[in-house]
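> Assemble the complex: chain A is given as a structure, and chain B must be docked to it using the hints.
Number of protein chains: 2
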Amino acid sequence: MTRTSSSSARVAVSTVIFTLRADADGAGLMLPLVRRTRDPYAARWALPGGWLDVAEGLDAAASRTLAETTGLAPSYLEQLYAFGDVDRSPTRVVSIVYWALLRQDEVDAQLAAHAEHGDAPDNVQWFDADALPDLAFDHAQIIAYALWRLRNKVGYSRIAHGLLPDEFTLADLREVYESILGRRLDPANFRRQAEASGTLIPTERFRTGSHRPARLYRYNRDVELAERGPLSASP
Amino acid sequence: MTRTSSSSARVAVSTVIFTLRADADGAGLMLPLVRRTRDPYAARWALPGGWLDVAEGLDAAASRTLAETTGLAPSYLEQLYAFGDVDRSPTRVVSIVYWALLRQDEVDAQLAAHAEHGDAPDNVQWFDADALPDLAFDHAQIIAYALWRLRNKVGYSRIAHGLLPDEFTLADLREVYESILGRRLDPANFRRQAEASGTLIPTERFRTGSHRPARLYRYNRDVELAERGPLSASP
Numbered sequence: 000m001t002r003t004s005s006s007s008a009r010v011a012v013s014t015v016i017f018t019l020r021a022d023a024d025g026a027g028l029m030l031p032l033v034r035r036t037r038d039p040y041a042a043r044w045a046l047p048g049g050w051l052d053v054a055e056g057l058d059a060a061a062s063r064t065l066a067e068t069t070g071l072a073p074s075y076l077e078q079l080y081a082f083g084d085v086d087r088s089p090t091r092v093v094s095i096v097y098w099a100l101l102r103q104d105e106v107d108a109q110l111a112a113h114a115e116h117g118d119a120p121d122n123v124q125w126f127d128a129d130a131l132p133d134l135a136f137d138h139a140q141i142i143a144y145a146l147w148r149l150r151n152k153v154g155y156s157r158i159a160h161g162l163l164p165d166e167f168t169l170a171d172l173r174e175v176y177e178s179i180l181g182r183r184l185d186p187a188n189f190r191r192q193a194e195a196s197g198t199l200i201p202t203e204r205f206r207t208g209s210h211r212p213a214r215l216y217r218y219n220r221d222v223e224l225a226e227r228g229p230l231s232a233s234p
Numbered sequence: 000m001t002r003t004s005s006s007s008a009r010v011a012v013s014t015v016i017f018t019l020r021a022d023a024d025g026a027g028l029m030l031p032l033v034r035r036t037r038d039p040y041a042a043r044w045a046l047p048g049g050w051l052d053v054a055e056g057l058d059a060a061a062s063r064t065l066a067e068t069t070g071l072a073p074s075y076l077e078q079l080y081a082f083g084d085v086d087r088s089p090t091r092v093v094s095i096v097y098w099a100l101l102r103q104d105e106v107d108a109q110l111a112a113h114a115e116h117g118d119a120p121d122n123v124q125w126f127d128a129d130a131l132p133d134l135a136f137d138h139a140q141i142i143a144y145a146l147w148r149l150r151n152k153v154g155y156s157r158i159a160h161g162l163l164p165d166e167f168t169l170a171d172l173r174e175v176y177e178s179i180l181g182r183r184l185d186p187a188n189f190r191r192q193a194e195a196s197g198t199l200i201p202t203e204r205f206r207t208g209s210h211r212p213a214r215l216y217r218y219n220r221d222v223e224l225a226e227r228g229p230l231s232a233s234p
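Protein sequence lines, in the order shown, are assigned to chains A and B. Numbering-wise (numbering that gives the first Met the number 0), the first sequence opens with residue 0 and increments by one. Numbering-wise (numbering that gives the first Met the number 0), the second sequence opens with residue 0 and increments by one.
Isolated chain A, as found in the complex (with noise of 0.2 Å):
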């Protein structure tokens, strides 16, 4: 092997980060970008991620490149998959990806607070989830994959505490859904299951407007959010 500098693998870590941007069209799943500065695949667009620091754990890796990159500090990061195909970077590379959902006002108020100390980070662009621009690396392909899971694995408690408020309707929870999937599902069967899943606590208090009142839910903070089973009790 004469490609790399080294005999083994370099351990970098990424973040997929999502959010529901509203605006007239309706509702899109979007996610930051960083240019990339540097080769390989300079002035390309990438996950936000760095190195492995030898004296960090992965998850803080993850946290402390994501912050680095974008600003962003979800209030939990899960692990998504390790991604080590030998020819997806120049030099030989396995990148441990994470993901998160974070509410749109979360991903305001971060950004309002770093461009009040100056520190806004540079060269990050959101873009819509389904209009990506051209990516270094492997990078659609994990982008491909994190979607795939969003859109199949993620259940009713966990896109309600990463996309809503604390409290929400069965509309609101089922407007997301839409969004996420891109079609649209039958109001009925969908608070069925909702209600059948156990994650979604309904509470006394109803939203009033112009239609009859709306009972809101909050989710169930028992539901195991990361489903790490018995890694969550790692420090």
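Worth double-checking, as some hints may not be accurate.
Copies of the same chain look alike in the list, so a pair counts if it fits in one copy or across any two.
What the hints assert, rightly or not - Derived pair list, reagent style SDA-like, types lysine to any residue, alpha-carbon separation capped at 25 Å: (1) K152 <-> G197; (2) K152 <-> D86; (3) K152 <-> D118; (4) K152 <-> T198; (5) K152 <-> E203; (6) K152 <-> D121.
Keep in mind the hints are simulated off the structure, nothing from the lab.
This is chain B only, laid out in the frame that chain A set:
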């Protein structure tokens, strides 16, 4: 950092293989462990594994190191989680952990073939998942996480494929679930859930015997076995 010989982490792979061994006392989950022959943790039991070679992908490294240490070759290995706490080893090691389910008859056939060729693996022993010896590194935590995933997140199709023959009755499938979960399940509820899962296909064949004929099912091969979504398209 003086305690590591390198300025970065080294990448290892390890694999947790579950099989279901039935005997007079019932059925139980078993897994193979390898006795370490050198420090750290010399003479302790550890998961089968080894170092990632710079010229091989993660999946290939998992298959190779599993075959080298145990002689086993599952039809698929699924990535479970990357473990990278700073203090999990005297030097800095990130372990990409894989797992698989293997039927007892597959284990027996593979080990018999090795014995016939005089290359039976050394230092390997199968342990009851509920009665493990003292383990090296954080391997007890890794196995606890794998058991939690198996008990909580593995669907009917995967269990059927991994631990049952090609055709099986719903009673066979329920017995496997009962062994994994360590508790009895209501037959009528189990039947309803399994039939509604969309992952089992009823055949027109029945098992006859002392009870009334029981329909044989096979698993639906269209369901993603390893649940990797778009990653399944990778070579």
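> For each hint, tell me whether it holds in the structure or not.
We went through each hint and held it up to the structure:
1. K152 <-> G197: Both: 16 Å inside a chain and 16 Å across chains, each within 25 Å.
2. K152 <-> D86: neither (29 Å within a copy, 32 Å between copies)
3. K152 <-> D118: For K152 and D118, the Cα distance exceeds 25 Å both inside one copy (36 Å) and across copies (42 Å).
4. K152 <-> T198: both (14 Å within a copy, 16 Å between copies)
5. K152 <-> E203: Neither. Shortest intra-copy (29 Å) and inter-copy (33 Å) distances fail the 25 Å Cα cut-off.
6. K152 <-> D121: Neither. Shortest intra-copy (33 Å) and inter-copy (40 Å) distances fail the 25 Å Cα cut-off.
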